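Kindly produce the complete structure, drawing on both the sequences and the hints.
The chain contents come next:
Protein chains: 4
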Amino acid sequence: MSKIWKVAVIGAAGRMGSEAVAAVNQADDMELVAALGNGDSLELLVEYSAEVMIDLTVPAVTEQNVRFAVEHDIHAVVGTTGWDQERLSNLETLLKEHPSVGVLIAPNFAIGSILATEFAAKAARFFESVEVIEMHHPNKVDAPSGTAVHTAQKIAESRAVAGVGPSPDATETDPDGSRGAVVDGVNVHAVRLRGLTAHQEILLGDAGQQLVIRHDSFDRTSFMPGVLLGVRQVAENPGLSVGLDRYLNLD
Amino acid sequence: MSKIWKVAVIGAAGRMGSEAVAAVNQADDMELVAALGNGDSLELLVEYSAEVMIDLTVPAVTEQNVRFAVEHDIHAVVGTTGWDQERLSNLETLLKEHPSVGVLIAPNFAIGSILATEFAAKAARFFESVEVIEMHHPNKVDAPSGTAVHTAQKIAESRAVAGVGPSPDATETDPDGSRGAVVDGVNVHAVRLRGLTAHQEILLGDAGQQLVIRHDSFDRTSFMPGVLLGVRQVAENPGLSVGLDRYLNLD
Amino acid sequence: MSKIWKVAVIGAAGRMGSEAVAAVNQADDMELVAALGNGDSLELLVEYSAEVMIDLTVPAVTEQNVRFAVEHDIHAVVGTTGWDQERLSNLETLLKEHPSVGVLIAPNFAIGSILATEFAAKAARFFESVEVIEMHHPNKVDAPSGTAVHTAQKIAESRAVAGVGPSPDATETDPDGSRGAVVDGVNVHAVRLRGLTAHQEILLGDAGQQLVIRHDSFDRTSFMPGVLLGVRQVAENPGLSVGLDRYLNLD
Amino acid sequence: MSKIWKVAVIGAAGRMGSEAVAAVNQADDMELVAALGNGDSLELLVEYSAEVMIDLTVPAVTEQNVRFAVEHDIHAVVGTTGWDQERLSNLETLLKEHPSVGVLIAPNFAIGSILATEFAAKAARFFESVEVIEMHHPNKVDAPSGTAVHTAQKIAESRAVAGVGPSPDATETDPDGSRGAVVDGVNVHAVRLRGLTAHQEILLGDAGQQLVIRHDSFDRTSFMPGVLLGVRQVAENPGLSVGLDRYLNLD
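Going down the list, the protein sequences come from chains A, B, C and D. The first sequence: position 119 = 119 (UniProt numbering), numbered continuously. The second sequence: position 247 = 247 (UniProt numbering), numbered continuously. The third sequence: position 187 = 187 (UniProt numbering), numbered continuously. The fourth sequence: position 2 = 2 (UniProt numbering), numbered continuously.
It is worth saying that the hints were derived from the structure and are not from the lab.
Any copy will do: because identical chains look the same in the list, a pair fits if it lies in one copy or spans two.
List of simulated lysine to aspartate or glutamate pairs, EDC-like, C-alpha gap at most 16 Å:
#, residue 1, residue 2
1, Lys140, Glu172
2, Lys140, Asp169
3, Lys140, Asp174
4, Lys3, Glu51
5, Lys6, Asp28
6, Lys6, Asp29
7, Lys96, Glu71
8, Lys6, Glu47
9, Lys3, Asp29
10, Lys96, Asp73
If you're wondering where the values come from, they're calculated on a predicted model, not measured in any experiment.
If you want it as structure tokens, here you go:
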């Protein structure tokens with residue numbers, strides 16, 4: 001008989017949290033033992049014997065939630081932002097006292113998005129040219145997206161290691177900036193369009209050929225397979241892991 | 001029996017000209033009666049009874065070629081650039097003396113590209129958001145492409161007539177210009193990628209839906225169906241026509 | 001001051017109906033005067049002076065709803081299926097007694113989808129090759145989609161009128177049927193993929209070029225702009241109109 | 001100073017061969033020492049001290065060419081088809097007598113195409129649904145393409161190893177076969193379109209997201225970077241390698 005994980009969701013009333021509650025309830029190998037909202041006591045995690053905590057709360061409380069979990073030997077899968085270097089260092093210190101506990105903190109749980117970045121970086125050393133286009137809903141306040149910047153950085157690293165030069169570009173006149181942003185030497189374009197959610201396309205070109213890697217996030221459910229994968233593997237990965245790519249065993 | 005057009009190609013040794021010679025030779029309803037290069041006498045058009053002249057030369061000689069054709073009651077299909085307002089006015093004056101002669105001057109003979117622009121402009125009044133992405137080989141010196149600028153202008157006109165406001169955009173921070181150029185209120189992005197030729201994509205978005213219109217020009221042969229269509233219809237369109245869209249009867 | 005339409009939604013508790021209620025509430029030029037569900041009396045339409053009725057009910061009751069509206073000089077915008085030829089004929093007879101009343105019955109209110117089909121049909125006579133790919137969620141029980149069949153039929157009609165022959169195809173061996181369905185001479189491919197909703201892509205090819213027209217329906221909200229456009233124009237279109245394309249003035 | 005490879009091209013007058021001659025001539029780290037056509041003696045390879053032979057000939061002569069190279073301690077990069085299991089076995093036997101010689105036989109030298117297949121196989125275990133669409137020029141006689149079949153097989157293997165079940169599909173009625181071919185449980189669709197060359201798109205879908213991996217081969221030059229990469233690495237890979245993916249170090 002396969003393992004049934006006892007899972008608690010913290011921040012269960014939020015938009016992501018309520019999706020996580022639904023996803024855990026639908027997973028055959030998980031049992032939802034607690035769904036905590038604002039003001040609920042963390043002691044309930046212990047009372048209901050949670051093995052893994054999913055934290056989808058807010059920056060102000062995520063650190064104390066995760067520290068509570070680690071101190072009670074509960075693994076944690078964390079999608080909340082706000083983990084700066086100091087918080088991460090403190091957490092690692094605490095984890096040394098609980099060497100069997102695993103914590104996964106991931107800024108992005110959409111597996112397809114992580115794969116797109118990973119594949120683009122791997123392919124980038126074989127192509128003369130590479131550019132990134134990200135497309136989002138028009139209510140987004142920053143451009144380009146953090147994901148696109150991250151992808152451009154990974155591409156740049158991969159090309160630097162392989163000794164590949166910059167993408168060729170003979171542009172002499174571009175009065176209005178149509179060539180977009182240049183992030184670590186990679187041109188990045190941001191589209192804002194009603195109807196879209198979060199999309200990224202990486203174009204790689206060489207003589208006579210093109211490779212296109214595209215990821216579409218249509219809604220929040222796109223994060224749930226990644227969250228569940230985190231729950232299933234966090235116990236086998238003691239210590240701190242930042243980024244879901246560590247769990248995907250792509251190499 | 002259907003009509004067989006007697007066609008002459010001027011500039012026959014050039015890159016576009018040689019494609020036109022091949023295209024005319026392959027067309028069942030055309031006979032190539034002359035293929036003139038640099039230094040050949042225009043009198044050969046008369047000698048060989050050409051009915052339609054295809055001019056694919058250079059700005060320095062195209063005007064005298066076309067005027068010769070009109071004066072000898074030969075229709076002309078012209079893909080050469082360099083026709084400013086003065087040249088066009090002079091040609092119209094000449095055409096009045098030869099009311100049965102047709103001249104088509106077109107900056108772009110790729111039918112698909114013309115359709116893409118036309119469809120985008122028609123659709124633009126029904127969508128909250130619209131942006132343009134053009135993609136070309138990295139040896140291109142200007143950005144964005146003339147075709148993309150033309151498309152943005154036609155989109156802007158269509159939206160102005162319909163009273164549609166600007167595309168929504170909440171962007172507050174974009175330090176490196178990832179949002180691209182703004183042409184007549186329409187965001188235009190230019191990609192340069194080895195392996196590509198000339199491509200354009202128009203994205204139209206509204207609540208819950210997206211319409212994408214994309215054109216790919218893979219090589220120079222893409223212009224030939226438009227040139228042949230011009231040959232077949234120029235006699236029925238006496239006077240001066242600028243732009244192949246006039247012949248496509250899209251309305 | 002611009003006109004404020006008094007609108008009633010019938011079938012207001014259903015999935016489409018509740019979206020329509022929300023859309024009417026958000027429209028500046030409309031006032032929701034009634035939202036009727038199962039069992040509510042149609043007399044409320046009269047009591048609250050509805051000018052336009054939106055019917056999003058079920059085949060069993062849509063006919064009596066629309067007839068009630070026409071008899072009380074209320075215009076109707078109808079998204080319910082089940083209108084066979086007999087029902088349509090009876091409705092037209094009734095409409096002759098109420099010559100100022102307009103009824104719009106549309107199988108598809110996604111404006112982008114209607115435009116995609118329309119543009120594909122217009123372009124199809126200029127390209128040697130054309131194929132259709134539709135993509136839907138994997139719970140769909142029929143393939144290909146009705147929209148794709150409709151698109152293929154319109155393409156075939158357009159090519160027949162223009163005297164364009166079949167798309168070239170040298171396939172000799174295709175043991176497993178990878179070339180898809182052939183609908184009125186047009187190859188149609190159906191993809192089923194978790195995460196997708198309703199998408200259609202028309203590929204048109206000629207020497208050296210490709211034109212791609214793609215529509216994505218991400219969710220039910222994609223139908224609302226079409227429903228509101230129907231409300232705004234139904235009074236100006238007395239009699240029966242089948243299909244929203246009649247209102248788009250594309251020519 | 002970096003190594004300059006002395007390279008000979010066999011089949012130099014053919015379509016692929018002439019591209020290879022041009023590519024070697026343009027490579028800074030290669031010197032073309034011989035370009036052999038039909039009837040030229042293989043002894044010229046020895047006379048001009050070739051270190052690597054590129055064989056782009058025909059099935060009837062490729063085996064004797066490669067055996068000659070191995071016997072004279074010349075590495076070989078082979079793009080010719082016709083290498084059945086017996087030929088490969090015999091070659092491996094011969095290579096044991098020349099343990100420092102490397103031979104690379106690859107059915108596909110388009111690096112982007114190999115990457116697309118590789119990435120699709122890696123991603124396939126994370127997604128509920130996966131389908132393959134290949135698009136080619138309409139003169140192709142077989143469907144689906146060998147590359148698409150290969151991709152489907154690699155995807156199927158990857159999913160089998162990970163214990164992933166078949167893609168969900170509720171289709172009940174599909175009278176004309178729009179769902180395409182099923183290759184090892186993966187639906188494969190073949191499009192034939194004038195203007196296209198060789199293209200492949202792999203669609204992977206899960207709740208709320210899609211990953212698309214697409215490769216476009218626009219012309220024969222797309223194979224040359226892969227051929228040159230083979231030349232540069234064949235000496236470091238003694239023995240027989242089948243498939244360029246072995247050289248890409250993707251893991």
